[in-house]
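Novice: I would like the entire structure built from these sequences, with the hints used as guidance.
Chain by chain, the residues run as shown.
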Amino acid sequence: MDGFPILSLMMAVPMAGAIACLFVGANNARWIALIATLIDFVLGMALWANFDQSGSGAQWQFQEYAPIFGKFAWALGIDGIALMLIALTVFLMPICIGASWRAIEKRVGEYMAAFLFMEVLMIGVFAAQDLYLFYIMFEAGLIPMYLIIGIWGGADRIYASYKFFLYTLLGSVLMLIAMMWMVHEAGTTEIPALMAYNFDPAVQTLLFLAFFASFAVKMPMWPVHTWLPDAHVQAPTAGSVILAGVLLKMGGYGFIRFSLPMFPEASAQLAPLVWGLSMVAVVYTSLVALVQSDMKKLIAYSSVAHMAIVTVGLFAFNQAGIEGAMMVMLGHGLVAGALFLCVGVIYDRLHTREIARYGGLSINMPRYALLFLFFTMASVGLPGTSNFVGEFLALMGIYQASTWVALVCTTGIILGAAYMLYLYRRICYGEQVNADAAAMPDLSARELWLLAPIAAVVLWMGIYPESFLAPMRPDIVALEARLAPAAPAGDAQIKLGAPKPAGEAHHGDASAPSHSASGEAH
Amino acid sequence: MIQLIVLLPLLAAIIAGLGNKALGKLPAKIITTGALFISCALSWPIFLSFVAGDGQAYVAPLFTWIQSGSFDAQWALRVDTMTAVMLVVITSVSSLVHLYSWGYMDEEPDQPRFFAYLSLFTFAMLMLVTANNLLQMFFGWEGVGLASYLLIGFWFRKPSANAAAIKAFVVNRVGDLGFMMGIFGTYLVFNTISIPEILEMAPSMAGSTIGFLGARFDTMTVLCLLLFIGAMGKSAQLGLHTWLPDAMEGPTPVSALIHAATMVTAGVFMVCRLSPMFETSETALTVVTYVGAATCLFAATVGTVQTDIKRVIAYSTCSQLGYMFFAAGVGAYGAAMFHLFTHAFFKALLFLGAGSVIHAMHHEQDMRYYGGLRKSIPITFWTMTLGTLAITGVGLPLVGIGFAGFYSKDGILEAAYAAGGAGTGAFLVGVFAALLTSFYSWRLVFLTFFGKPRWAASEHIQHALHDAHGHDSHAHDAHHDDHAHNDHHHAPATGTGGYHPHESPWVMLVPLIVLSIGAVFAGFVFHDQFIGSEGGIAFWQGSLAFDSHLMHAAHEVPTWVKFSPFTVMLTGLAIAWLAYIKNTDWPQRFVAQFGVLYTFLLNKWYFDELYNLLFVKPAFAIGRFFWKFGDVGFIDRFGPNGLAALVVQGNKVTRRLQSGYLYTYALVMLIGLAAAATWAMTR
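Sequences listed follow chains W and B, in order.
Counted from 1, the first sequence has number 118 at position 118 by the numbering used here; the numbering is strictly sequential.
Counted from 1, the second sequence has number 605 at position 605 by the numbering used here; the numbering is strictly sequential.
Please keep in mind that the hints were generated in silico from the structure rather than gathered at the bench.
The structure displayed is predicted, hence computed values, not measured ones.
Built from N, CA and C at the ideal position, the CB exists for glycine as well.
Be a bit skeptical, because a hint or two may be false.
What the hints assert, rightly or not - Sample of chain B residues facing chain W (criterion: CB under 10 Å; computed from the structure): (1) Leu146; (2) Met180; (3) Gly185; (4) Arg374; (5) Val520; (6) Phe626.
Stated by the list, open to error - Now the stretches of chain B that chain W is said to cover, found in silico as 3 or more residues with beta-carbon under 8 Å: (7) 157-171; (8) 208-220; (9) 229-235; (10) 616-622.
As the list claims (entries may be wrong) - Which chain B residues stay away from chain W? Per the calculated CB distances, all over 10 Å, these: (11) Asn20; (12) Leu42; (13) Thr64; (14) Trp65; (15) Trp75; (16) Met181; (17) Ile183; (18) Val189; (19) Gly451; (20) Leu465; (21) His555; (22) Leu578; (23) Phe600.
Specialist: So this is what it looks like as structure tokens:
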């Protein structure tokens with residue numbers, strides 16, 4: 001497919017669909033949206049199939065370049081990391097359209113147009129190679145999300161979208177200023193060039209913080225996470241799916257594409273800040289999730305805890321950590337998306353998110369109970385599911401940088417099990433106490449076809465993650481190499497003792513050769 | 001071959017689980033049980049080839065799992081002596097439990113789900129024992145945890161079953177935290193997670209130190225103890241044991257398979273599998289010894305006062321696991337594995353026997369309402385008696401002939417004595433625990449099968465009598481709550497109430513009989529292979545750190561050491577006979593005399609209350625605090641809401657900003673972009 005502008009095509013298809021949706025009736029809009037997203041899915045798979053993941057070829061593939069004015073250009077191109085995130089996007093999109101099939105009854109055309117437009121922008125975010133193009137996509141991508149929450153959302157939708165806006169605004173202004181300075185300094189808007197540019201370490205800190213303000217909100221990291229539970233609660237089901245599935249990944253993508261490679265020294269210097277916030281997030285938001293009585297809030301808080309694993313993995317500065325962070329992003333995108341779909345299934349029937357209104361669903365909805373259990377276990381990080389691979393690698397990575405951070409973040413596996421199983425127990429187990437919940441029918445064929453493909457991919461990622469790790473490997477190895485000079489030394493260095501019988505206390509004599517086994521040694 | 005053994009149960013679980021109601025009860029039962037019997041039939045030849053000394057260890061690779069830099073975790077199936085021992089234990093007990101469940105779960109409408117869970121468990125357990133690297137072991141470890149969670153909560157309408165299931169999973173996760181940290185540390189130190197490679201390199205790391213949580217410790221001690229925390233969780237050792245008694249909420253066949261014979265021994269298996277690693281840290285071994293001995297004693301004391309037949313056996317299991325751990329701690333890994341092997345037979349037998357009693361007594365589990373059952377259910381009685389003879393270690397010292405437990409438990413005690421050091425303490429504790437073992441085991445037999453029937457006072461029996469068709473589909477959900485028995489103090493304490501218990505169907509009796517054979521002969525037949533100072537070397541083939549000298553010394557201990565378990569066994573039997581057959585008022589008098597001790601034991605040393613106070617309640621309280629005062633009261637108040645308030649008080653321009661924020665936002669972005677573009681063009 002050399003020279004064929006597939007990335008532009010992948011953006012053009014949903015764009016055309018979005019415009020068409022505005023001018024047709026409700027049912028036609030649904031079909032147009034579904035077909036457009038499915039075409040994009042097929043294109044995305046073709047993209048993956050034609051991607052050279054051997055690592056011997058170019059890092060950036062499918063590049064397109066069309067100057068617009070000055071240095072600003074329509075520059076697209078992807079590496080393995082972007083490829084995986086685009087694949088996630090195009091996979092989730094048809095599912096979102098399917099989830100909205102019956103749930104959305106008012107202004108269907110505009111709704112579908114908003115979703116398709118969002119797909120355009122999200123692919124744009126991951127494919128952009130021009131700094132300003134990225135900025136436009138990154139910020140504009142939130143506009144359809146505001147609309148989706150603000151128009152098709154729940155009762156408190158205005159407050160939720162206001163909060164969303166306020167958090168985002170501050171960060172984006174700072175990031176834009178930083179970008180302008182960077183272009184001025186480096187004389188280019190090309191992201192690959194900027195990734196190799198060595199900024200003055202003194203300035204890096206400021207630039208890092210400016211980007212951090214934006215990415216931390218998108219992530220979201222504690223303490224700028226409070227917009228997320230409200231946004232999720234108010235958003236329609238498909239909005240939550242895409243919010244958890246793809247929009248939250250833009251923060252992580254920002255870190256991996258900008259913060260780490262462009263400001264390696266500042267990243268290393270400020271890593272303890274990221275670690276600290278992440279450690280707090282894991283414990284804090286997990287405990288908050290434990291006491292929620294609203295299903296969507298619970299899953300939203302659990303997302304914050306999972307995203308904290310992403311940030312510690314990224315700031316472990318080693319291959320395992322970064323690969324793990326990417327796998328958590330992909331796995332969480334699928335699993336949290338599926339969990340929101342599971343919530344949507346019963347919300348559509350009973351129109352409440354109150355956990356106490358359900359109970360005993362295993363009796364009348366056995367198929368639903370099985371799939372919900374599967375995604376619950378995936379969220380808990382059971383080996384054999386996607387999330388385990390990511391969490392394990394990310395935590396193993398951070399262990400090489402700091403055992404304390406690893407210990408605190410690993411408690412997430414205990415707390416995560418507690419709040420997820422407690423949720424599942426209240427919804428699916430126990431006696432049927434509410435007659436209306438007991439009368440709900442099991443999954444329809446449409447709902448089954450939304451959830452089953454996600455389950456299949458979650459298993460695939462859990463049992464043979466190599467399919468997903470392989471395309472990203474060369475890029476992550478390159479990133480690790482870029483970070484290596486700045487990476488902090490781990491706190492777990494080994495000092496070999498003189499050979500002596502096991503168990504005798506080591507006296508730490510000077511003769512003992514020291515052997516470093518921290519991250520960079522691998 | 002090994003692929004078939006491991007994957008058949010998975011296949012059966014998938015078919016029965018996804019087929020569920022559409023497939024039907026009988027096909028689901030045939031598929032799962034059939035698959036297990038095939039696995040079992042294929043496993044025994046492997047084990048016997050190792051017994052005969054001509055078994056070959058090998059690894060059957062499957063495919064790549066996780067690769068990241070030098071981190072390389074492959075799916076592979078390892079077969080060596082350790083695995084072979086576990087293969088026969090798992091597949092034998094599992095296939096018999098599958099068969100037994102045909103009878104025990106006969107009234108259950110949801111049978112395909114039950115059998116699918118059982119087979120899924122078996123698959124996960126087989127993955128655990130065939131693991132060639134730590135990560136696959138962890139996969140199996142979590143897989144059995146999942147199956148355990150599902151099976152404990154199988155009767156998901158029952159709140160107590162749900163609570164027990166969550167507790168089991170979460171407490172095990174505490175252990176898993178240690179296991180995961182152990183894997184991280186091991187990879188950091190050895191740059192591999194392949195078990196054979198780690199074991200080979202472990203001695204070279206002895207004496208080195210490593211940074212951990214800001215301080216420096218002996219490398220191997222840190223790694224071993226972290227991994228051991230995982231073992232403590234899975235094997236219900238003191239501190240992380242609280243989930244095991246509650247796990248008895250699950251159906252009895254599950255208790256026999258998972259919470260007695262196989263899953264709970266995974267911790268012992270792990271320590272033995274990694275024994276060359278543990279050998280490099282004296283400190284770690286000492287901790288293992290003490291934890292094992294403490295658990296052994298703790299659980300045995302609690303077991304003496306429980307009245308629920310399954311809970312007595314559960315604490316007994318906990319206590320026996322303690323024996324296995326301190327055996328490993330003193331370096332007698334062969335003895336630990338031997339006790340694991342024999343224990344699987346006689347403990348599964350005891351549990352399935354208890355299930356048969358419960359079946360006959362219409363789901364009554366309280367031994368206070370049993371009595372005189374030996375005539376009504378003779379086969380159950382005789383097989384359970386054989387199980388009791390095995391667990392109490394009946395046999396003739398010096399002559400050296402006895403039931404299974406005689407070889408394995410006495411082997412552990414003698415090895416502990418011979419090892420000296422921490423082993424001496426463990427020996428004394430172990431002998432005392434053997435006294436308690438004998439007491440509570442015979443107490444169970446006497447209360448259940450001897451004396452006069454006390455059935456009339458049981459609520460479950462009342463149900464059966466008043467409603468001849470009371471065996472409705474939810475009979476298993478019957479309320480076991482203690483309050484159900486509260487008003488029974490006024491009812492007559494004895495009498496059959498006109499109830500006629502029936503012996504269980506043959507599908508339940510055959511497993512009992514087969515397991516009895518194991519309980520009687522497993523020790524006699526295999527003791528030379530497992531713990532013989534010469535035979536052990538040939539049998540284990542280096543798959544665990546077999547200390548031939550220790551085993552030799554264990555055979556040479558003084559005569560009084562050899563006689564002490566025998567003596568305490570007889571003493572325990574005598575006390576039980578005196579208290580529960582001869583003078584049946586003794587228990588009441590004991591309670592009156594030592595009320596505080598009795599209450600302390602009855603409440604299981606107050607661990608549950610303590611943990612509730614220390615962890616569960618604070619977790620919810622802190623969660624609520626973070627939510628209400630952290631998120632809502634602080635971050636939102638001074639963050640977005642505070643800003644909004646400021647803006648509202650500001651001038652008209654900012655008011656416009658607040659009301660039309662979306663457009664403003666787009667505007668700000670566009671202005672910014674325009675500025676950027678201008679800059680880019682003009683410079």
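Novice: Does each hint hold? Answer for all of them.
Specialist: We went through each hint and held it up to the structure:
1. Leu146: holds (6 Å)
2. Met180: With a minimum Cβ separation of about 6 Å from chain W (threshold 10 Å), the hint on B/Met180 holds.
3. Gly185: For B/Gly185, the interface hint holds, since the closest Cβ of chain W sits about 7 Å away, which is under 10 Å.
4. Arg374: violated (38 Å)
5. Val520: violated (39 Å)
6. Phe626: holds (5 Å)
7. 157-171: Contact hint for the region 157-171 of chain B vs chain W: holds, 7 residues under 8 Å.
8. 208-220: holds (count 11)
9. 229-235: Coverage by chain W is violated for the region 229-235 of chain B (0 residues, Cβ < 8 Å).
10. 616-622: holds (count 3)
11. Asn20: Contrary to the label, B/Asn20 does not stay out of reach of chain W, its closest Cβ about 7 Å off (not over 10 Å).
12. Leu42: At roughly 24 Å from the nearest Cβ of chain W, B/Leu42 sits farther out than 10 Å, so the non-interface label holds.
13. Thr64: Not fine: 5 Å to the nearest Cβ puts B/Thr64 too close to chain W.
14. Trp65: Incorrect as stated: the minimum Cβ-Cβ distance to chain W is 7 Å, not above 10 Å.
15. Trp75: Given a closest Cβ separation of 8 Å, the condition is violated.
16. Met181: violated (6 Å)
17. Ile183: violated (7 Å)
18. Val189: violated (6 Å)
19. Gly451: B/Gly451 clear of chain W: closest Cβ-Cβ about 38 Å, beyond 10 Å.
20. Leu465: holds (26 Å)
21. His555: Answer for B/His555: holds, closest chain W Cβ roughly 26 Å.
22. Leu578: Correct as stated: the minimum Cβ-Cβ distance to chain W is 46 Å, above 10 Å.
23. Phe600: holds (29 Å)
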